[in-house]
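Quick mapping for you: the protein sequence lines, in order, are chains A, B and C.
All the letters of the first sequence, read from the start, carry residue numbers 0 to 802 under numbering that gives the first Met the number 0.
All the letters of the second sequence, read from the start, carry residue numbers 0 to 161 under numbering that gives the first Met the number 0.
All the letters of the third sequence, read from the start, carry residue numbers 0 to 279 under numbering that gives the first Met the number 0.
Pairwise CB distance ranges, derived in the manner of DEER restraints:
1. Glu705/A / Gly131/C: 42 to 50 Å
2. Pro84/B / Leu82/A: 52 to 60 Å
3. Val90/A / Gly35/B: 51 to 59 Å
4. Leu58/A / Gly54/C: 34 to 42 Å
5. Glu553/A / Gly35/B: 40 to 48 Å
6. Asp655/A / Gly131/C: 27 to 35 Å
7. Glu705/A / Arg240/C: 28 to 36 Å
8. Asp59/C / Gln237/A: 56 to 64 Å
9. Gly209/A / Asp85/B: 38 to 46 Å
10. Gln399/A / Ala268/C: 51 to 59 Å
11. Arg174/C / Glu83/B: 47 to 55 Å
To be clear about the criterion: a stretch of chain B counts as covered by chain C if any three or more of its residues have a C-beta under 8 Å from a C-beta of chain C, and this derived list gives those stretches:
12. 1 to 8
13. 22 to 31
14. 38 to 46
15. 55 to 69
Below, in silico cross-link-like pairs of lysine-lysine (DSSO-like), each with a Cα-Cα straight-line distance of 30 Å or less:
16. Lys8/A / Lys484/A
17. Lys633/A / Lys580/A
18. Lys580/A / Lys482/A
19. Lys607/A / Lys482/A
20. Lys619/A / Lys554/A
21. Lys8/A / Lys148/B
22. Lys148/B / Lys432/A
23. Lys430/A / Lys148/B
24. Lys554/A / Lys482/A
It should be emphasised that the hints constitute simulated quantities derived from the structure, not laboratory data.
No residue lacks a Cβ here, since even glycine has one placed at the ideal position from N, Cα and C.
What follows is the residue order along each chain.
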Amino acid sequence: MTTRLFGTKVPRVEDQRFLRGQGRYVDDVLVGQRVLHAAVLRSPHAHARITDIDVSDVLDLDGVHLVWTHDDLTGPMAEPLPLLIPHPALVHGRTQFALAPEEVNYVGEAIAFVVAEDRYVAEDAVGRIRVSYDYLEPVVGIPAARAARALVHDDVPGNVGARLEQENGDARAAIAAAPHTLSLDLTVERSACQPMEGRGTVARWDPDLGRMTVWTSTQTSTGVRGCVAAKLELDLGQVDVITPDVGGGFGVKINHPWPEELLVPLAARTLGVPVKFTEDRREHFISSAHERGQVHHVEVGFDDDGRVLGLDVEFWHDHGAYTPYGLIVPIITSTQLLGPYKPASYRVVFESLYTNTVIVTPYRGAGRPQGCFVMERTMDAIAAALGKDRTEVRATNFIQPDEFPYDQGLIFQDGRELEYDSGDYPASLEKLKQLVGWDEFPAFRAELAAEGRRVGIGLACYVEGTGVGPYEGAHVHVETSGKVKVATGLTTQGQGHQTAFAQIVADALGVRFEDVEVVTGDTRRMPYAVGTFASRAAVMSGSAIHLAALRAREKALRIAAEALEADEADLEIVDGVVRVKGTESQIDLGTVAVLSNPLRYAFDEASKAATQFSVGDPGKPPVAEGEEPGLEGKDFYSPERSTFASGMHAVIVETDPETAEIRILKYAVVHDCGHLINPMIVEGQIHGGVAQGVGGALYERMVYDEAGQLLNASFMDFLMPYVTEVPRSIEIDHLETPSPLNPLGIKGAGEAGVIPSAAVFAAAIEDAEGLDHPGLAITAMPISPSELFALRHQHSSDPEETA
Amino acid sequence: MSEELHDVRLRVNGATHAIRVPARRLLSDALRHDCGLTGTHVGCEHGVCGACTVLLDGRPVRSCLMLAVSAQDADLTTVEGLTEPDGSLSSVQQAFSDCHGLQCGFCTPGFLTTIAAGLEETPDPTEDEARDMIAGNLCRCTGYQNIVKSVLRAAELTRERS
Amino acid sequence: MKPAPFLYRRPGTLPDALADLAGTPGAKVLAGGQSLVPLLSMRLAAPAMLVDINGLPDLDHVTVSDDGVRVGALARHTDVLADPDAAACQPLLPLALSNVAHATIRNRGTTVGSIVHADAAAEMPVVLALLGGSVTVTSVRGSRTIPAEELFAGPLESTLAGDEIATEAFFPALRPGEGVGFAEIARRHGDYALVGVAGLVRVDGDDAIEARLGFLSVNDVPTVVDVSGLTPDESAEHVLRKLEPADDIHATAAYRAQLVRVLTRRVLAAATEHARGRAS
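Next up, chain A with everything else stripped away, as it sits in the complex:
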């Protein structure tokens, strides 16, 4: 009797190679074989015009094979990189070139490309390139972009790339008529994903096969494939893109093509030798992507119960120097800001602004953390204004369990209606209050206050649209050995797809988990795919794999029924063996696979053994009409709309009265991502998300100076948390409101941990300071002890404390 694997904590198969140091990440590819190495000259200025590039000293250097500037590029390679996600509102979209021809718009922008025997020599070569610049005034930060004293792009007025407004009802009128109103100004600072492994690309051109093979540390192999084919003027069918093991992505590796993803294959073809580019950490800081920087202005009108009658949000989004990823991030902010609530009317308008800084593309959460921060600070402010409990005000505004599906009246990031499919927010809130001890907290606070200690509690709720389309696909192939080979086209960066997806196949097909092998992100195995982002892999590929496995199962049963002379309805598949229930009559799947492919030649034992059975009608063709040889199943999952996961976090913090240091005493998470494929993996995602959220709330920010120089472009000064900075434990409780939109009832979980962090910490810290500094409001995140100290200063009545 097979135990159902869906929902169980199966240890991960990928661990077997990772733990032995046998992972194959992009910089490991072709080690030991002949491969040349690339380095890039990057702009040292945030805004400048290149007047001259002198590479005459470079080719003299021993071991240098090639140096390119924009002048060396022709055809599509000389044109700007693609604008991946156009939007009608993005009237002034701009993308960079693979190598800057004339103007550079951020420190880090690629200007020249060198290929040499090794990376050391390549860097020496880059150091010999002499570039002359005319400096232009840089635009840094949202205030400077709005003031528009200088322009990033001459032909983009006011530095405004796009303006987009969405409305449900008449928010402004509702606010004007409301019994109570409030205004808030809120800021979230720029940050970045910073996976432990940076970007990298390896390419090999095979002149015999006329094929380009590209390994790249990406979240979308099909995306990169399309770009490489287009830019290098190859047929799509000539390009294979293989995503190797990836050391984390968190969003930054969804953007494509990076200049290097095009220059490396081009150089490989030009030189006839494989080429590798592996960025270093400084390059990751200054030439990959950032996110989070936004400024919001909120007007809200509410009644005596705290019900939101009108919510009007205006915000400014800093998208950096170019817009390859369109308006996805601010659109997600606009729509997901609503969270689990149903304001009677809502208006949101944003301007997406250019600055002379690194481009902005999604970072785990992708605009939701900002939206959640805004909504939750607003809820807290309403509660404070009315003297009500913060959970009570939220409960008053929740969409109720019987109101699903709930249409928020807006258009989401996938171009479809923002309609929540399922959820139970009141139940989540109850669980959260129990988990963190919300009702017991006032007594706890009093007890600690008697010892001179300051503690505070905060909570934050969010909703996350996951599993966005357009689709994902899967191919399940049962080989004659009985092994099941599964391929799906999206990619993996640590989420355990090889394990979770094998669990799904094992259940759906009735085979042993050990016999299933899953490959992700290889265009040779599954060329139709979108990518891994927006917490969509489990939903999209999970569903497609489930459906594909069912198709394979259907075919297996059909063939086995004929071979066993039984009724399909009487058959079951257990541990890879098809059996007539309650009898000894059986045939294993490997044999079924042999039978599915009429052969003339028996090449091994399996095919010989198959002749015991008579299969097929001599009067009919061996491969029936509409059938294909082989025991395979292929299917795609394409949802009508996203499925909405949700969650709530609460945190108890302590602040030091003297040093303003912030300590986490308790962290609680209630989350709902529908059914769980592998609870261990989901929990790991939450742990990781919470840690990244702690980083984003209390430590991590990108610090630019006025000249557009990134001052903290290293791990010494960009402060990611060690074990010592994260909570000692995280209390987690689950709720499961299955999704009605996919066969397994699952919702995405990958980003959840990080969405409410800024909101929950701002709330708790403000709460901790409330007694000693009434009026101290936290309106900007992240916050450091130094900043908390400064805020106390502004709100203090005690000169001794702030002297």
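Fit chains B and C to the given chain A structure using the hints.
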């Protein structure tokens, strides 16, 4: 105008690798590219993240902060050297699998070597000691909760196996 | 981030090392490398030659005598930290050393190297200065001893000549009636301190008759301030007049000043209690 090359014999995981490298070749790069031992990973190259941590005479060091030429005469252990001779997982490695102590696996080799050495010194760590042991390594995926559990589980497995 | 090319020597004797250093202008000593190698990788330093002293004999000692602790050039922080005799002789050593970076860095970094790197944000330079220690340096021209108060010329600048190697650091012993304390506050555990304070107090009975504090991360150079005879609150204000806490991306000058105040009080209290405890 070529760079001076040095003959270096690196003793890694009990085997000797005779390599010929410029003085500036970092030990991390030499291990990966000259010895072909790609289990040691490079996350930052400024000594902060710990992904490159290997054991030098049994003690954790950052291989990105050492030159290959400086490692002559030392006994180096990389993550590949932690696996049992028969290919099975050592206690520390098995513990990580048991406790889901890794996700993308990129930082993992640095943790494994650090913990293997740490448990030699402190075979029965408290939770605080386990935290201390891993306090100098960055992980972006796991949030550390399961890594701490892995340290304690590794101690348990080591006791069970001996 | 790979270093620029350099010549490399790994001498087997001290005289050979000194000759190598003297023979190539711009040659630098490589010992622990925990500060130097990142600078090379980031190409912020590009010496013509590195003289690797890791192969030199008899330089890894931690020798404890009545007058103090002598730490050889190749003694790693970990070994100094773990030495029980050194800890007994001068308890400020383990207090400060346990705050130096992370254990893995301490396994390779040398205490002497850290001192002559002269980073005002590091722990060991200011410890040496507070205790009134010294460094012995050698070149082809002979040896000399540099007292701590003459060692630090400016930010990351020691008074060693380009061809001198520091072979030993001397930390005076803790004397009867003396107590020490150390505290630092950093953004993350193991980071460079925002502010760090080392303290030395001498008591007579219950009374503190001498008190000195050393500060890291608050001036360009490690700075020692005498606060003898002042109350803790007076000390806090007095030291602020001698220090110039600066703004940077991690903290404002005002916040650093606050930390100076808070840590001054805490370290004085700890050092005084330690002194009283030893005296009884």
